[in-house]
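Chains as they are written, first to last, in our numbering: chain H, 1 to 168; chain F, 1001 to 1112; chain E, 2001 to 2148; chain R, 3001 to 3493.
Accuracy of the hints is not assured; some may be wrong.
As the list claims (entries may be wrong) - Simulated pairs of lysine to aspartate or glutamate, EDC-like, Cα-Cα distance not exceeding 16 Å: (1) F:LYS1098 / R:GLU3470; (2) R:LYS3161 / F:ASP1103; (3) R:LYS3108 / E:GLU2005; (4) F:LYS1100 / R:ASP3294; (5) F:LYS1106 / R:ASP3474; (6) R:LYS3152 / F:ASP1050.
As the list claims (entries may be wrong) - Here are a few chain F residues that sit away from chain E, every Cβ distance over 12 Å (derived from the structure): (7) VAL1003; (8) LYS1049; (9) TYR1053; (10) LEU1056; (11) MET1087; (12) VAL1089; (13) ALA1090; (14) ARG1094; (15) PHE1096.
To be verified - Chain H stretches covered by chain E per the calculated footprint, using a threshold of three residues with CB under 8 Å from any CB of chain E: (16) 18-27; (17) 106-112.
Please keep in mind that the hints were generated in silico from the structure rather than gathered at the bench.
Here the structure is a predicted model, which means the values were calculated and not measured.
Where is the CB? At the ideal position from N, CA and C, for every residue including glycine.
Given next are the chains, with one letter for each unit.
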Amino acid sequence: MTLQNRSRLFVFIFSFLVWLALTSIRDLEEVVAGLLVAALVSAIAGKFLITSEKSEHIIKRIFSAIKYLFKFLWEMVKANLHVAYIVINPYLPINPGIVKIKTKLTKDSALTVLTNSITLTPGTLTVDINPEKKEIYIHWIDVLSKDVEKNTKSIGGKFEKLLTEVFE
Amino acid sequence: MIVYILCFALLLVGIYGALTKKDLIKIILSLGIMGYSVNLMIILFAYKKDAGYAILVKDAVSTNMVDPLPQALILTSIVIELGITAMLVALAIRLFEKYKTFDITKIRRLSG
Amino acid sequence: MKQTEGMTLIVKTVTRVSVWLIVLYGIYIIMHGHLSPGGGFAGGVIIALALLNVMLAYGGNFVKRWVNIGFLHDIESSSAAIFLAMGILGMAMGGGFLANFISKGQLFHLLSAGTIPILNIIISAKVSMGLFVVVWALSIFHLDKGGK
Amino acid sequence: MILPFLIIIPLLAAFLITLISGEKDNWAIVLSILAVISLLALALFSFFTTGNDTFIYEMSGWKIPLTICLVQDAFSMYMLVIVNLIALTSLMFSVTYIRHIAAEGAWKYYALFMLLVTGMNGVIATGDIFNLFVFMEIALFSTYALVAFGGKAEEYEAAFKYAVMGSISSTLILLGIGVLYSATSTLTMANIAAILPTINPQVVFWVGALFLAGFGLKAAIMPFHAWLPDAHSSAPAPISAMLSGVLIKALGVYVMVRIFFNIFGGLAVFNTIFMVLGTVSIMIGVLLALGQWDFKRLLAYHSISQIGYIILGFGLANPLGILGAVFHLLNHALFKSLLFYNAGSVEMILGTRNLKKMGNMTKILPVTSFTSMVASLSIAGMPPFNGFFSKLIIIVAAIQAGHPVFAFWAVLGSLFTLASFMKVQRYGFRGENKIEKPDVGASRGMKSAMIILAVLCLVSSALIIPGIREVTLDPVVTVIMNKTGYIHEVLGR
Chain H
1 MTLQNRSRLF VFIFSFLVWL ALTSIRDLEE VVAGLLVAAL VSAIAGKFLI
51 TSEKSEHIIK RIFSAIKYLF KFLWEMVKAN LHVAYIVINP YLPINPGIVK
101 IKTKLTKDSA LTVLTNSITL TPGTLTVDIN PEKKEIYIHW IDVLSKDVEK
151 NTKSIGGKFE KLLTEVFE
Chain F
1001 MIVYILCFAL LLVGIYGALT KKDLIKIILS LGIMGYSVNL MIILFAYKKD
1051 AGYAILVKDA VSTNMVDPLP QALILTSIVI ELGITAMLVA LAIRLFEKYK
1101 TFDITKIRRL SG
Chain E
2001 MKQTEGMTLI VKTVTRVSVW LIVLYGIYII MHGHLSPGGG FAGGVIIALA
2051 LLNVMLAYGG NFVKRWVNIG FLHDIESSSA AIFLAMGILG MAMGGGFLAN
2101 FISKGQLFHL LSAGTIPILN IIISAKVSMG LFVVVWALSI FHLDKGGK
Chain R
3001 MILPFLIIIP LLAAFLITLI SGEKDNWAIV LSILAVISLL ALALFSFFTT
3051 GNDTFIYEMS GWKIPLTICL VQDAFSMYML VIVNLIALTS LMFSVTYIRH
3101 IAAEGAWKYY ALFMLLVTGM NGVIATGDIF NLFVFMEIAL FSTYALVAFG
3151 GKAEEYEAAF KYAVMGSISS TLILLGIGVL YSATSTLTMA NIAAILPTIN
3201 PQVVFWVGAL FLAGFGLKAA IMPFHAWLPD AHSSAPAPIS AMLSGVLIKA
3251 LGVYVMVRIF FNIFGGLAVF NTIFMVLGTV SIMIGVLLAL GQWDFKRLLA
3301 YHSISQIGYI ILGFGLANPL GILGAVFHLL NHALFKSLLF YNAGSVEMIL
3351 GTRNLKKMGN MTKILPVTSF TSMVASLSIA GMPPFNGFFS KLIIIVAAIQ
3401 AGHPVFAFWA VLGSLFTLAS FMKVQRYGFR GENKIEKPDV GASRGMKSAM
3451 IILAVLCLVS SALIIPGIRE VTLDPVVTVI MNKTGYIHEV LGR
């Protein structure tokens, strides 16, 4: 099965499930219409969803994804508390600036999740990404150092290992 | 009553902008403001005190609904405005190609 | 930094993952236009936005490879012609232009309301393709050719 | 059953043209000419069968307060005949002209042209006030594109001005429709007319002011005329003929008469406003035209002036005045379109619109200069051409109604018109410049369009002969004079 056809199959299944959720299975008409619509959607926009092969098995990746979710939530709580501390501190100890970090991730989806996670974490915001050089530019509320390696470890490093397991 | 007066004020803002601004894009935006104010006014004409939305729902009987017709009219007029705005933008782009400016005081090849 | 066509990788990836969902939602709005708020126009706009989303994220050349713009033009004009044909069919069945000549069916079922779902689909084809083609036509102007 | 086809046929033709025509415009020409010929035949047939009756067509099988209805009476059929007649000659003229100005993509012109015809037919046929607005926007939208069709800088400029003014007036009209709907809770024009006398009379004045500004701008009556000379002189010649000949009448005058006479019941205050604005338009239009050397611009200013005559005739509101105005509607469509064809033919062959650069055209373009002579005499009000009779009727009616002042200004305006067209003939077509005979002449389609209109300029004088008048013009006058009769005819009670 080629990659595009697998992508279409996934889109077909997902579309059908979403259709059932939208229409709340009432009668046969809706289910038949759902199959037709899912086929149509996968024909129009199906080939975009999956673009690369993954090495790990799907079950393992789902476990990793759940692990990543908890890790991300934990990091978010920590960052929230840090930013809250900065906000209520009367001296406002901020030192904003844009820093560059490196990443070892190669897949588009992995990079996207990484950058979006960095954006969602309070205090850091992804500004731009250079996929060829594997560099991410980040606006940081409290720049601790100007060293690229150190920043990579403190901002991106905490997500990177788990993301490798999920997407690579 | 005050909402109608505010709508009318918005209409006047639009007319003022369309007649006095010198930039083509600002004129187009002013025309958009005029159109929206009139649409808002017609939607407000449909308002009825303590009325529900005009949609038939399963297993629910609603006797007091707002007037649904102005909504249909507004949908039509929004589509028309969309078309006219696209037309004006296309004309503005063409004018920019010819005159290299968006300033209406410099676009004066026609006189009299 | 190298200037590539379209937006950054992040936008491209998110578009890639979400475009099918937008198309599906548009079709849902169209198909349930006679049962719930929405209808051909609203759903058509959503489908056009899915196409425009791809166009903005990936750039015009990608879209040109993905869909055939001339074919979209043809869908647009033929859908209007089919709409008129439906109207004339209503006249032929008696009752006047655009008369609802199919059995109305039961309330709150997908297959009901006679010709209205069919007209919704035709209108959605017209609106989605029309809107997309309008923005496409505006986007292929080259403003930088002018300028000082 | 004829009425919906007057809208369906051009709309279908427009979309089929975009569907089937490729690079060449042959199929587009065939389709559009077939469509317009069938429209003209339908309109003529229904005009002569209508008489004093009124037929209603209810859309999609619903009954009248719920549906959009189309109304067929003598006035609307009369306007439909005019529109489709001018559209046919304009298409005949277009074939060569559009190939001349736009080398490729000429089929777009025909699609837009059919949309324009759809819009005008719809405005005239409909009996629903919001539907009227929608069709008006269809017509205006295609006009904006058609004015800019030639792709020159001036054309874009004129189209932009026109589009801005048109959008402002459309917004005012939409506001007026909204106010009218909130006051009467209906959109069918006959129902509105039936309900209006029972509510606060102030509403009529507010809505009347909005409609006067909105439709007055479409008709280019005097204070709202600024866009007309640019748009009408910059457009391609067949489109100028459509704009000046029928668009300002269908969208402006026809709708104003329908609303102010048949819906508002012909209030005296609006009649006075019509008379004053009409007289001002006559004088200012003709005075501005006198100083012009650009042929098409001169004609555009004359459109303002001639619309002034029509508005004056309607404002007099006596049967004779309305007869003159209705007659002048037809006459102005005929001779103004003819004059724009002449201008277009000269511009295509000599490449100039400047009267000073023309000369000895009788040798170069015999058909064009001869028909322009007919049209000039006709617009200047020389017997036995049609313009003489309609202007005479309007002037006599003004005196009869006890407004000799307006009659005086109308006569003076007519004299100035004569002076300005003597200038056109003297310096333009019979000028002293010796111009070499160019290689190409006017094509057969262009010549036949001009000859048809020139013959009609002479023949249409016959409409005033009592026997013929009773079957053509009198039913139209009856519809307009029989103000609230519209309600009974349409609602059937």
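Checked hints:
no., hint, result
1, F:LYS1098 / R:GLU3470, "violated, 55 Å"
2, R:LYS3161 / F:ASP1103, "holds, 13 Å"
3, R:LYS3108 / E:GLU2005, "violated, 32 Å"
4, F:LYS1100 / R:ASP3294, "violated, 27 Å"
5, F:LYS1106 / R:ASP3474, "violated, 52 Å"
6, R:LYS3152 / F:ASP1050, "violated, 56 Å"
7, VAL1003, "holds, 24 Å"
8, LYS1049, "holds, 22 Å"
9, TYR1053, "violated, 9 Å"
10, LEU1056, "violated, 8 Å"
11, MET1087, "violated, 9 Å"
12, VAL1089, "violated, 6 Å"
13, ALA1090, "violated, 6 Å"
14, ARG1094, "violated, 8 Å"
15, PHE1096, "violated, 5 Å"
16, 18-27, "holds (count 5)"
17, 106-112, "holds (count 4)"
When the structure is compared with the earlier hints, violations turn up for hints 1, 3, 4, 5, 6, 9, 10, 11, 12, 13, 14 and 15 and for no others.
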